[in-house]
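2 protein chains.
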Amino acid sequence: MNFSSKLIEEGVNAFSSLPGIGKKTALRLVLHLLNQPKEVSEQFSEAILKMRTDIKQCSKCFNLSDEPVCNICSDPRRDHSTLCIVESLRDVMAIEETGQFRGLYHILGGIISPIEGIGPTDLTIDDLISRINATEVKEVIMAISPTIEGDTTIFYISKKLSDLDVKISTIARGVSFGGELEYADGITLGRSIIARMPYKLKEE
Amino acid sequence: MNFSSKLIEEGVNAFSSLPGIGKKTALRLVLHLLNQPKEVSEQFSEAILKMRTDIKQCSKCFNLSDEPVCNICSDPRRDHSTLCIVESLRDVMAIEETGQFRGLYHILGGIISPIEGIGPTDLTIDDLISRINATEVKEVIMAISPTIEGDTTIFYISKKLSDLDVKISTIARGVSFGGELEYADGITLGRSIIARMPYKLKEE
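For the protein sequence lines, the chains are D and V, in the order given.
Using this note's numbering, read the first sequence as starting at 12 and increasing by one per residue.
Using this note's numbering, read the second sequence as starting at 12 and increasing by one per residue.
There could be a bad hint or two in this list.
[As the list claims (entries may be wrong)] Just the calculated beta-carbon pair ranges, DEER-fashion:
| hint | chain 1 | residue 1 | chain 2 | residue 2 | range |
| --- | --- | --- | --- | --- | --- |
| 1 | D | G120 | V | D162 | 57 to 63 Å |
| 2 | D | R101 | V | S92 | 54 to 60 Å |
| 3 | V | A183 | D | T158 | 52 to 58 Å |
| 4 | V | G31 | D | E53 | 19 to 25 Å |
| 5 | V | K17 | D | S28 | 53 to 59 Å |
| 6 | D | R202 | V | V186 | 24 to 30 Å |
If you are wondering where the hints come from, they were derived from the structure by calculation, not from laboratory data.
Positions of the beta carbon are idealized from the N, C-alpha and C atoms, including for glycine.
All chains should be built: construct the whole structure from the sequences, respecting the hints.
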């Protein structure tokens, strides 16, 4: 692209360095900002800078937070005896969105993946064990993706926790609600037959 | 979306205020920046701010520029006797990309559109006339979109220029190079038959 201005070029380069944004989209964003009042760009610029500078990691669950302890961990109305183990912040957001979980989280920061060179020590597993030892946690729910790496991670953590007095569970796996059976993949369908559940006429 | 952090929320809101970026994409961009070293966000933030603050409009052609006169208008190697009239900066970039034009530009800043309330006085038409009067411009090329609004704009400018001693032309219209005839729209195809050109065995 030929830019008439070095400043525009720098703006376009800044945006196009972000994932999924090409040069043409970046130019559109830049021209949009140039068409807006100066304050819009100032606020935009400040929000990005402030976010990156001031954000902290919760010392308990490793979620991103404005305070040293995040608003989930510091909420007395939540069930502090149940920990949900997840891979990332995005999983916390997805679970919070469902409104079905009122316990606390623990973010691993990834899953064990020898191919990508991520071992147990790269994750917050040791912190999880000290956390369980130090608090009144009674149940640990593994909400980790049902992949080979995910299963490895669940197995590793479960072994580490086996000496402690906590119940370990994983989120239910099977065919998706609202999904057509014929489109479910073979592994999911096969395993959901093996792991079939007794049918209840009434919800308990 | 439930955000664990006000700062993340502000970052997501900043990105999702841009055109074509929704909340989910914005979150992906925010998490990407948070995963990068602090310098990346600082540079990003600075590039946006500096761009918006320091950018100028070329006093001759109204292109965006780092200097009071843009690098096209101030280039002595370009043909200062030919002006290409375009709607916006993006059109300048598209034409520059082709490498087929060595004259100067004049950016109207829009086209006449009664529906959107844009009249001739909202555009840089008066500046164009003073510019032609003050310099040695011999030809004016209208590179304006072939729409009703575009044609109105071309008609209006041509009338304004009719007293001046300049040649007026429009860019060629017809079926696209490399396009299949059967997919060309009816108006384009019909007009390109009416405006058929004599075939030359040799390029002149």
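To see whether the hints hold, each was checked on the structure:
no., hint, verdict
1, G120(D) x D162(V): 57 to 63 Å, "60 Å, holds"
2, R101(D) x S92(V): 54 to 60 Å, "59 Å, holds"
3, A183(V) x T158(D): 52 to 58 Å, "56 Å, holds"
4, G31(V) x E53(D): 19 to 25 Å, "22 Å, holds"
5, K17(V) x S28(D): 53 to 59 Å, "26 Å, violated"
6, R202(D) x V186(V): 24 to 30 Å, "57 Å, violated"
Violated hints, listed in ascending order, are 5 and 6; each of the other numbered hints is respected by the structure.
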